[in-house]
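**Q** Quick note on numbering: my numbering labels position 135 of the sequence shown as 461, and the sequence is numbered without any gaps.
These aren't lab readings, by the way, just hints derived from the structure by calculation.
You may find that some hints are simply not true.
What the hints assert, rightly or not - Calculated pairs, SDA-like style, for lysine to any residue (alpha carbon to alpha carbon, straight line, at most 25 Å):
| # | residue 1 | residue 2 |
| --- | --- | --- |
| 1 | K359 | P403 |
| 2 | K446 | L537 |
| 3 | K446 | D463 |
| 4 | K359 | R444 |
Unchecked claim - The following label-pair restraints were derived from C-beta to C-beta distances:
| # | residue 1 | residue 2 | range |
| --- | --- | --- | --- |
| 5 | P372 | V448 | 12 to 22 Å |
| 6 | L492 | G591 | 43 to 53 Å |
| 7 | T590 | R512 | 18 to 28 Å |
Positions of the beta carbon are idealized from the N, C-alpha and C atoms, including for glycine.
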Amino acid sequence: ARLRAAGARRGDTVGVLLDRGAPLVVTALAVLKCGAAYLPLDPRLPEARIRLMTEDAGARLVATDTAHAAALPDGFPAAVLAVDAPAGHDPAPDASEAPRATGDDLMYVMFTSGSTGRPKGVGVTHRNVLELAADRDLAVGGPRRMLVHSATGFDASVFETWVPLLGGGSLVITPGDGTDLAETARAVHRHGVTGAYFTAGLFHVMADEGLDTLRSLREVWTGGDAVSPAAVQRVLTHCPDTVLVHSYGPTETTFASHNQWFTTGQRTLRGAGVHLGQPMDNTRSHVLDDALRPVPPGVPGELYVAGA
């Protein structure tokens, strides 16, 4: 109601400037209930980057808390709503007036890292996220209790948050930057976490120093960069009851376009070792040359992903 009173409407983009935690998830859900899309803004980013993302996404409203609101400079390009401030007594908008989003409406806007140039915003629709959550491989094993520890502006956070919630699962949200192995171990063991995603770099560390934690998980996901075959084999050997998934996909494909699954029956790397795996449901991949012609097997080309 407060977001709608502040002007959030269907088709808008609303920035969410909050640390990882329950208020972040609740606020994102509230934005979606308004029919708007959310723009995750990590408070750890420089103010200039937050400003650039807000302007580029066309966000006219940013939901945050009083502490981060106080740190925003004068002239910030969007109105600011402190979600933890006491609510006023203005009449709340009628919830029945809020139009429902369709599958083609944007659900969120996320920015690329900028590693190949200026960061760019990528709009992802409700249909895109539902396609991810409905993938048949992801339905195996039942609801997840997922560790949520990725940076809020990283597309892995989409997988960590929405796939469990849309599948009847639950979230275990940890503070910090996600690199504290002791904090990760405590969260996994204390709350019975069944699944977690680790960036390639963190996965390599976990394969050396966190095998006891990985062994406790039903599923371990990794990706985002080249993954060491030696680290994969180490986890396969020492975590016999843990399914390992190597995922690949740019931000434009929501979270992943391809997955390579290592089930509990496969504990040895075979053939090509670590590779992109198979396209997800409703996804097609083509390897093409400079003239957009399919290349023969074994000939280098560029990967084109369709239907994601």
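**Q** For every hint, state whether the structure bears it out.
**A** Comparing the hints with the structure gives:
| no. | hint | in the structure |
| --- | --- | --- |
| 1 | K359 to P403 | holds, 24 Å |
| 2 | K446 to L537 | violated, 36 Å |
| 3 | K446 to D463 | violated, 30 Å |
| 4 | K359 to R444 | violated, 31 Å |
| 5 | P372 to V448: 12 to 22 Å | holds, 20 Å |
| 6 | L492 to G591: 43 to 53 Å | violated, 28 Å |
| 7 | T590 to R512: 18 to 28 Å | holds, 25 Å |
Consistency with the previously given hints fails for numbers 2, 3, 4, 6, ordered from lowest to highest.
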